[in-house]
Amino acid sequence: MRILLSILILLPIISFSQEEKGLQKRPPRPDNYIRMKGLRVGYDLTRPFQYIWNIGDRYGSELSFDMEVAPNIFPIFETGWETQKINSDYVDYKSSGSYSRFGVDYNCLVAENKKDKDILYMGLRYGFTFGKQQVQSFTSTSYWEQTVGSFPSQNINAHWAEMVLGTRIEVLRNIFLGWTIRGKIRISYKDYDMPPVYFIPGYGKASKGFNFDFSYSIFYNLPVDVLKIFRKGE
Amino acid sequence: MKWFNFTAIEKFEMKQVLLSVFFAFVLVACDDVFDAPPKAFLNATLKYTDNEKDKSIKQIGVSVFGEGRTDAWIFQDTLAVSSSDSTRSVLIPLNDTPTTDYVFTLNGIADTVSISADSKLIYESMETGFYTEFKITGIEYTRHRIDNIEVLDSAVTKEWNENIIININTLTYN
Numbered sequence: 044m045r046i047l048l049s050i051l052i053l054l055p056i057i058s059f060s061q062e063e064k065g066l067q068k069r070p071p072r073p074d075n076y077i078r079m080k081g082l083r084v085g086y087d088l089t090r091p092f093q094y095i096w097n098i099g100d101r102y103g104s105e106l107s108f109d110m111e112v113a114p115n116i117f118p119i120f121e122t123g124w125e126t127q128k129i130n131s132d133y134v135d136y137k138s139s140g141s142y143s144r145f146g147v148d149y150n151c152l153v154a155e156n157k158k159d160k161d162i163l164y165m166g167l168r169y170g171f172t173f174g175k176q177q178v179q180s181f182t183s184t185s186y187w188e189q190t191v192g193s194f195p196s197q198n199i200n201a202h203w204a205e206m207v208l209g210t211r212i213e214v215l216r217n218i219f220l221g222w223t224i225r226g227k228i229r230i231s232y233k234d235y236d237m238p239p240v241y242f243i244p245g246y247g248k249a250s251k252g253f254n255f256d257f258s259y260s261i262f263y264n265l266p267v268d269v270l271k272i273f274r275k276g277e
Numbered sequence: 011m012k013w014f015n016f017t018a019i020e021k022f023e024m025k026q027v028l029l030s031v032f033f034a035f036v037l038v039a040c041d042d043v044f045d046a047p048p049k050a051f052l053n054a055t056l057k058y059t060d061n062e063k064d065k066s067i068k069q070i071g072v073s074v075f076g077e078g079r080t081d082a083w084i085f086q087d088t089l090a091v092s093s094s095d096s097t098r099s100v101l102i103p104l105n106d107t108p109t110t111d112y113v114f115t116l117n118g119i120a121d122t123v124s125i126s127a128d129s130k131l132i133y134e135s136m137e138t139g140f141y142t143e144f145k146i147t148g149i150e151y152t153r154h155r156i157d158n159i160e161v162l163d164s165a166v167t168k169e170w171n172e173n174i175i176i177n178i179n180t181l182t183y184n
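If you're matching them up, the sequences are chains Z and X in order. By the numbering used here, the letter at position 63 of the first sequence is numbered 106, and the numbering carries on one by one without gaps. By the numbering used here, the letter at position 170 of the second sequence is numbered 180, and the numbering carries on one by one without gaps.
Simulated from the structure, these hints should not be mistaken for laboratory data. These figures come from a predicted structure and were not determined experimentally. Ideal Cβ positions, reconstructed from N, Cα and C, are used throughout, including at glycine. Any given hint might turn out to be false.
[Claimed, not checked] Cut-off 30 Å, straight-line C-alpha distance, at most; resulting in silico cross-link-like pairs (DSBU-like, lysine-lysine):
(1) K137/Z / K57/X
(2) K130/X / K233/Z
(3) K80/Z / K157/Z
(4) K160/Z / K80/Z
(5) K128/Z / K57/X
(6) K251/Z / K57/X
(7) K175/Z / K137/Z
(8) K248/Z / K130/X
(9) K168/X / K137/Z
(10) K128/Z / K49/X
(11) K130/X / K175/Z
(12) K251/Z / K175/Z
(13) K137/Z / K130/X
(14) K49/X / K130/X
(15) K251/Z / K130/X
(16) K251/Z / K137/Z
(17) K57/X / K248/Z
(18) K233/Z / K57/X
(19) K128/Z / K168/X
(20) K248/Z / K233/Z
(21) K248/Z / K168/X
(22) K168/X / K251/Z
(23) K248/Z / K137/Z
(24) K168/X / K57/X
(25) K80/Z / K158/Z
(26) K128/Z / K233/Z
(27) K251/Z / K233/Z
[Stated by the list, open to error] Label-pair distances were calculated between CB atoms; the ranges are:
(28) L162/X / Y235/Z: 42 to 50 Å
(29) D236/Z / D111/X: 55 to 63 Å
(30) P239/Z / A165/X: 18 to 26 Å
(31) T55/X / L88/Z: 55 to 63 Å
With these hints in hand, go ahead and build the complete structure from the sequences.
Listed below in structure tokens is the structure:
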């Protein structure tokens, strides 16, 4: 499986370099048609279970909406909320908020026929969030008295960009499954002196300029040709 | 042309990858381990003022009590001293209050040391928490066994740098 994943990532790079050597002009794609008509709604199955592979109690929920507006071009909007809690002997922390991302995916997988809706895509996203964090209590033990304290709630906001590689495979009619791997690059965020922002909903650890993430989603392609409706209205 | 030529990958394999990736990530599950926050200690070096005195008394018996506390921070500790060693260090926690008072009992004779310091809360990480660092602003002490105290570094941090030297008077043993 690891080999296959590596091939998936490296294939475009190898192909591209081979093509450059030959200095040949790339012929147009044979699948120059819209294969998926209508809006596709997705739900990220991994967001509620992030506590499994992250420190503390991290969970959330995320929906996505994408549509093929031009052959192999899929504008996408993703929105959700996320909570990160850390409850240890020393700190009781909570950060939560809603976030959104919009961007576009480009499908690299050539369709075998007009019914073939499977895609392997690369995409870009712009993400932003509004949330709150609070250190509800902290404790520091000593030979002397324990130091106990708390901080009031702080508003946080942040912006970031994402590079995405993913798949969407039709497993049943109009029902898709797909994974993504994502590299998130922090653009800016509102920080505080004490305590600093620890967790940015939708992005991850605030102190890191780059965060890696992945998702696994289920999608339903609404069987309504939205573009056709728009065209009729013109 | 080859740029788009992903159809070479069998659809069957694609679907296998799709399903197995999810389970692979779930298997990466790990337990949370939260470390305690670091501690800032005042590092005090005990040293005889007259280093040429009888070597046998250089084994300093040290007890350190916080003023008002019944339990000792250090109780009759001589283990860290070798007969050839003329100094030893003790790590002392400071209180968040403006002044921390300790009673140092050095080979059976007690001295009170009063350390004034400004405190500052430090964020280590959300996984470990917060701790307090100090800046020594003044030291007062009695002079039964203590000859004088030198401040080398006023910053009391988690690095435990050498902060003060407590010079001990050996004359009482002559």
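How the hints compare with the structure:
1. The hinted pair formed by K137/Z and K57/X fails the criterion: a straight-line CA distance of about 49 Å is larger than 30 Å.
2. For the given pair, K130/X sits about 23 Å from K233/Z by alpha-carbon distance, which is consistent with the 30 Å threshold.
3. Among the hinted pairs, K80/Z with K157/Z is consistent with the structure: their alpha-carbon atoms are about 11 Å apart, no more than 30 Å.
4. At roughly 10 Å between alpha-carbon atoms, K160/Z and K80/Z fall within 30 Å of each other, so this suggested pair holds.
5. This hinted pair does not check out: K128/Z and K57/X have alpha carbons roughly 49 Å apart, beyond 30 Å.
6. At roughly 46 Å between alpha-carbon atoms, K251/Z and K57/X are farther apart than 30 Å, so this suggested pair is violated.
7. Using a Cα cut-off of 30 Å, the hinted pair K175/Z and K137/Z holds, with the two alpha carbons roughly 8 Å apart.
8. At most 30 Å may separate the alpha-carbon atoms for a hinted pair to count; K248/Z and K130/X meet this at roughly 25 Å.
9. Taking the CA atoms of K168/X and K137/Z, the gap is about 26 Å. The hint holds against a cut of 30 Å.
10. A distance of roughly 24 Å separates the Cα atoms of K128/Z and K49/X; the hinted pair therefore holds under the 30 Å criterion.
11. As the CA atoms of K130/X and K175/Z are separated by approximately 25 Å, the hinted pair is consistent with the 30 Å bound.
12. As the CA atoms of K251/Z and K175/Z are separated by approximately 18 Å, the hinted pair is consistent with the 30 Å bound.
13. Between the alpha carbons of K137/Z and K130/X the distance comes to roughly 23 Å, so the proposed pair stays at or under 30 Å and holds.
14. Annotation: proposed proximity of K49/X to K130/X holds, straight-line Cα distance about 13 Å (limit 30 Å).
15. For the hint pairing K251/Z with K130/X, the CA-to-CA distance comes to about 25 Å; that is within 30 Å, so the pair holds.
16. For a cut-off of 30 Å, the pair hint linking K251/Z to K137/Z stands: about 18 Å separates their Cα positions.
17. As the CA atoms of K57/X and K248/Z are separated by approximately 47 Å, the hinted pair breaks the 30 Å bound.
18. Restraint check: the Cα-Cα separation between K233/Z and K57/X comes to about 50 Å, which exceeds 30 Å; the hinted pair is violated.
19. With a C-alpha separation of about 26 Å, the suggested pair K128/Z and K168/X falls inside the 30 Å cut-off, and the hint holds.
20. Between K248/Z and K233/Z, the direct Cα distance comes to roughly 13 Å. Compliance with the 30 Å bound is thereby established for this hinted pair.
21. Simply put, K248/Z and K168/X have alpha-carbon atoms about 24 Å apart, close enough for the 30 Å limit, and the pair holds.
22. Using a Cα cut-off of 30 Å, the hinted pair K168/X and K251/Z holds, with the two alpha carbons roughly 24 Å apart.
23. Between the alpha carbons of K248/Z and K137/Z the distance comes to roughly 13 Å, so the proposed pair stays at or under 30 Å and holds.
24. With a CA separation close to 23 Å, the supplied pair K168/X and K57/X stays within the 30 Å bound.
25. About 11 Å separates the Cα atoms of K80/Z and K158/Z, which keeps this hinted pair within 30 Å; it holds.
26. Proposed proximity of K128/Z and K233/Z is supported: the alpha carbons are some 20 Å apart, at most 30 Å.
27. For the suggested pair K251/Z and K233/Z, the alpha carbons sit about 14 Å apart, so the restraint of at most 30 Å is met.
28. A C-beta distance of roughly 34 Å is found between L162/X and Y235/Z, which places it outside the suggested range of 42 to 50 Å.
29. Hint check: D236/Z to D111/X, Cβ distance near 32 Å, so the stated range 55 to 63 Å is violated.
30. For P239/Z and A165/X, the hinted distance range of 18 to 26 Å is satisfied, since their beta carbons lie about 21 Å from each other.
31. The hinted range of 55 to 63 Å is satisfied by T55/X and L88/Z, whose Cβ atoms lie roughly 60 Å apart.
Hints 1, 5, 6, 17, 18, 28, 29 from the earlier list are contradicted by this structure; the remaining hints agree with it.
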